[in-house]
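Given only the sequences and the hints, what does the whole structure look like? Please build it.
Be aware that the sequence shown starts at 208, since it is given in my numbering, and climbs by one per residue.
You may find that some hints are simply not true.
[To be verified] Capping the alpha-carbon separation at 27 Å, the derived lysine-lysine pairs in DSS-like fashion look like this:
1) K347 with K364
2) K372 with K390
3) K315 with K302
4) K317 with K302
5) K317 with K327
6) K295 with K316
7) K264 with K282
8) K275 with K264
9) K229 with K246
10) K327 with K315
11) K390 with K364
12) K327 with K316
13) K316 with K302
14) K246 with K264
15) K246 with K256
The hints are simulated quantities; they were obtained by calculation from the structure and are not laboratory data.
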Amino acid sequence: LERSRAQEVETRSELEKLIAVKSEEIGTLQRNIEELNSKSAEFNAVVDKLNTDLSAKDVELEGVRQEKNAVASQKEAAETRLATMALKIQELEQKLVDLQHALEVEQKKKLDEFEAQGSKLHGELSAANERNNQLSNELKLNVEELARLSVQLQETKVRADESLKALSSNQDKQGETAQLLQKDLAAANNLIMEHSKEKEK
208 LERSRAQEVE
218 TRSELEKLIA
228 VKSEEIGTLQ
238 RNIEELNSKS
248 AEFNAVVDKL
258 NTDLSAKDVE
268 LEGVRQEKNA
278 VASQKEAAET
288 RLATMALKIQ
298 ELEQKLVDLQ
308 HALEVEQKKK
318 LDEFEAQGSK
328 LHGELSAANE
338 RNNQLSNELK
348 LNVEELARLS
358 VQLQETKVRA
368 DESLKALSSN
378 QDKQGETAQL
388 LQKDLAAANN
398 LIMEHSKEKE
408 K
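Here is the structure:
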């Protein structure tokens, strides 16, 4: 019985020691659990912060992506406008070349017309000068003819005067002298009429 009690006491003592050890282990585990819980909370806080930061980065990235898309759209629109403007510039340059060519053709045409008119006017002027020279020569001849007719007229008048004198001195030859005088006067009148006609020309 004493041995049983002793064993019981010993067993109880061992159990108490074991319980104490286990209790200490349990306490250590609890402290570890609490520490892990604390670290887990910190980790969760870090994760939450990271998630928050990630969400913010996602928002920022989305903004950057949208801005990039907007810039790309603007670039594409600018390139399209640039291509349109380049095409428009080419069209305007071609129109300018065509206009300059048409202007050169028109100027050459007008120059040719002016040259033709100048040649025509030069020909007309030459013809007019030639006609003027011809008329001058004709006028000179008419003046010479007028001088000749004037001399003839004067001679006719002289002969008429002589005939009149002869008529007054010789009554017998009055009829013949009168006829001669009439012929001379008629010839003088004819000369005067010819001179008048030449002068009218």
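Against the structure, the hints come out as follows:
1. Annotation: proposed proximity of K347 to K364 holds, straight-line Cα distance about 25 Å (limit 27 Å).
2. With a C-alpha separation of about 16 Å, the suggested pairing of K372 with K390 holds against the 27 Å cut-off.
3. In summary, the hint linking K315 to K302 is supported, as the alpha carbons are separated by about 20 Å, within the 27 Å threshold.
4. In summary, the hint linking K317 to K302 is supported, as the alpha carbons are separated by about 22 Å, within the 27 Å threshold.
5. Straight-line distance between C-alpha atoms of K317 and K327 comes to about 15 Å, which keeps the hinted pair within the 27 Å bound.
6. At roughly 31 Å between alpha-carbon atoms, K295 and K316 are farther apart than 27 Å, so this suggested pair is violated.
7. The straight-line distance between the Cα atoms of K264 and K282 is roughly 26 Å, inside the 27 Å bound, and the hint therefore holds.
8. For the given pair, K275 sits about 16 Å from K264 by alpha-carbon distance, which is consistent with the 27 Å threshold.
9. The suggested pairing of K229 with K246 holds, with an alpha-carbon distance near 25 Å, which does not exceed 27 Å.
10. The straight-line distance between the Cα atoms of K327 and K315 is roughly 18 Å, inside the 27 Å bound, and the hint therefore holds.
11. For the hint linking K390 to K364, the alpha-carbon distance of about 12 Å falls within 27 Å, and the restraint holds.
12. A C-alpha spacing of about 16 Å is found between K327 and K316, which places the hinted pair at or below 27 Å, so the restraint holds.
13. Proposed proximity of K316 and K302 is supported: the alpha carbons are some 21 Å apart, at most 27 Å.
14. Under the criterion of a C-alpha separation no larger than 27 Å, the hint pairing K246 with K264 is consistent with the structure, at around 26 Å.
15. A hinted pair counts as satisfied when its Cα atoms are at most 27 Å apart, and K246 with K256 qualifies at roughly 15 Å.
Checked against the numbered hints above, the structure violates only hint 6.
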